[in-house]
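J.: Residue numbers for the sequence shown follow the numbering used here, so the first one is 1 and each next one is one higher.
Just so you know, the hints here were simulated from the structure itself, not pulled from any lab data. No experiment lies behind these values; they were computed from the predicted model shown. Please note: incorrect hints may appear among the correct ones.
Per label pair, the in silico range of CB-to-CB distance [as the list claims (entries may be wrong)]:
1. Ser220 - Thr135: 39 to 49 Å
2. Met292 - Thr75: 19 to 29 Å
3. Phe277 - Leu141: 37 to 47 Å
4. Thr135 - Tyr212: 43 to 53 Å
5. Thr75 - Leu141: 18 to 28 Å
6. Ala230 - Thr75: 34 to 44 Å
7. Phe277 - Leu63: 30 to 40 Å
8. Gly64 - Met292: 22 to 32 Å
9. Lys62 - Leu204: 39 to 49 Å
10. Leu208 - Ser229: 22 to 32 Å
Listed next, the in silico DSBU-like pairs over lysine-lysine satisfying Cα-Cα at most 30 Å (straight line) [as the list claims (entries may be wrong)]:
11. Lys10 - Lys77
12. Lys62 - Lys38
13. Lys38 - Lys221
14. Lys62 - Lys77
Think of the CB as a built atom: it goes at the ideal place given N, C-alpha and C, for glycine as much as any other residue.
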Amino acid sequence: MSSIRVDSSKQLATSSLVVGYALCSSLLAVINKYAITKFNYPGLLTALQYFTSVLGVWVLGKLGFLHHDSFTYETAKKFLPAALVFYLAIFTNTNLLRHANVDTFIVFRSLTPLLVAVADILFRKQPIPSKLTFTSLFVILGGAVGYVATDSAFTLTAYSWALAYLVTITSEMVYIKHIVSNIGLNTWGLVFYNNLLSLMMAPLFWILTGEYSEVFAALSKPGNWFELSAFFAVSLSCVFGLLISFFGFAARKAISATAFTVTGVVNKFLTVVINVFIWDKHASPVGLLCLMFTLAGGVLYQQSVTGAGSAPLQRESLSKQTDLENDGDEEDQLIKN
């Protein structure tokens, strides 16, 4: 009887973690878009998110709710390249959301398996994907091309950021796993180091992009520069960034990699639905259809690299496992989304 209670409690805890991750993950892209709409300073917004996550992990560590590795210069030096790639991924992601809608972000995010597969073949000397994997990648590409062709809100600036984001997020998937797997940090240590180093890099990008002058100009204008709606949007974005750190890593530990990836795909569908219902900042009906086509290709891809098929398929599944484990949302890559 007691074992049944333990199993029920464990199942309830696991379900709660998965639901928490699903809600955070599906809402985060929409919340970030909302935040950047109300607070049009992407560099400062990401810096505030990093600060919230660092402070949150440090405070929870001091209170005994979690344990993270202490900061050392040697470890920071080893982790710096991973933090730099991560910072660039989040930086380009935020600027993409600044200039485009959430649907455009999801389409380009869904293209990452295609580029990762190409990088695997060229740089990691992996075998050519199976027919099912190749078909799924072709479906993803077709949906993305269809979306771009029907995007009435197409701008060169938005798609330049989209391409920059695609390159950086693919580099992160291929490169970061190697670093974090060999550096010897625990989960919250990764979260702490990644956010702290990203926070240290933020002022440099703030200056290079010239955003600091926009902020100072806004502060120097007469009148009330504090807006409650902007404060609420930024605070919500920062809190959800920290929440997805917890729920993302906890869910990874509680369920299998395959289940986690399926949850990630479902989250993208939820994001589209939420985005359509809460405001008008989304694609046209034809664009949404192409987006669904792209997500369907993503589902096929997940199936092709995690299925219990033939031996070649199983070997391919192992070779892709790293990428699947990192195929969450933005902010879930070491800290978020």
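J.: Sort out which numbered hints this structure fails and list those numbers smallest first.
T.: Hints 1, 2, 3, 5, 8, 9, 11, 12 are the ones this structure does not satisfy, whereas the remaining hints hold.
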